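Undergrad: What follows is each chain in one-letter form.
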Amino acid sequence: MSLKAFHIVFVAASVILMAFLTGWSFLAYQETHSSEYLVWSLCAACSVVGLVVYGRFFLRKLRNISFL
Amino acid sequence: MEIPYTYKARPDTGLYNAKVGIWLFLASEIMLFGALFSAYILLRVSAPVGFWPDVGLAWPRGLLNIPIGTFNTAVLITSSVTVVLAWASLKMNNFARFRVYMVITVLCAFAFLGIKSFEYNDKFSHYVIRLQDGKALTGHIEVDGKHPRFWNFSDQWSVAKLATQKVTKIKVEMDPERDMNGHVKAHGSHDHEVREVAVSDIAFMGSYTPATHPFFAVYFLITALHGLHVLGGALVLGYFAFPGAKMWKSNPEQFINRIEVGGLFWHFVDLVWIFLFPVVYLL
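The listed protein sequences correspond, in order, to chains A and B.
1 is the number of the first residue of the first sequence in this note's numbering; add one for each residue after it.
69 is the number of the first residue of the second sequence in this note's numbering; add one for each residue after it.
In case anyone wonders, no lab produced these hints; they're calculated from the structure.
Check before you lean on any hint, since a few could be wrong.
Unchecked claim - Which stretches of chain A does chain B cover? Using the computed rule of at least three CB atoms under 8 Å from a CB of chain B, they are:
hint, segment
1, 8-15
2, 24-35
3, 55-68
Keep in mind it's a predicted model, so treat the numbers as computed, not measured.
By construction, the Cβ of each residue, glycine as well, lies at the ideal position given by its N, Cα and C atoms.
From just these sequences and the hints, can you work out the full model?
TA: Printed below as a string of structure tokens:
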């Protein structure tokens, strides 16, 4: 597996982590009604979108490099 | 003698030798970290029901600083992006850009370690104190007007040591109250109550360090081992960015492969953190 393929795996894992953090902070907000957790959840959701956009950009930019 | 297959693919594996080597090494690393993660999970699921520190060996929750942990996660994700962009820059024959991305990667690594040492320092001055009446207090202590520091092991306090040094009272900057999930109850209020505790009232005291609770033992073991990997990776990537970059002129293909191998190790180290952060900080 090349660095390109491993990077895709890494970005996918990061997206899952940030989606989990979004849910975790939102649940914490529902329990505590603290706006800090809500802001946290929104930031994590934005980072999910950012990472997906970056992943697509990365794949386009390195389309000529092998996955092996 | 020339080392074979440093940049050409070996016919039987279809890969250059260093790539096979790094994946074998990473497989052994997965077993190492996998064993430590398993130890953490087994200790956690077998911990007594209840809330630490009220129940002595119950699993503590909410003790780690989540904003700092999240920031460190972002720092490592950024470093993975820059290391892969450094490799891609070399593939596109742009050495100047490679060096910029590599320097950013190394800076991110040292930023991560700096933030981690700040977190460690906090744990070494954070204490759990059990009083003679059975109540437990947690907070940062002050002995003779000084906070303990993690680089000074003689700064670690116990009841016996306080008695030996004839200290009669200590100050405790109390932690805010937490709910059963570890969330701070009164969010927004950052005022900490400072309480004076007589040493004669203390039955036990211990800092948030490995000897106090299995959580801290596993936390320090995994994060310190991960930190050593970050340090090792940063030194190797720093070497490639400056003294080792001479190879770019003599053998560019092998140099690109070296950066790829270094980048694979760096991604592995960052991936370990991607698992470590939710397991240790959030759950």
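Undergrad: Take the hints in turn and mark each one as holding or not.
TA: Cross-check of the supplied hints:
| no. | hint | in the structure |
| --- | --- | --- |
| 1 | 8-15 | holds (count 4) |
| 2 | 24-35 | holds (count 5) |
| 3 | 55-68 | holds (count 5) |
Checked against the numbered hints above, the structure breaks none of them.
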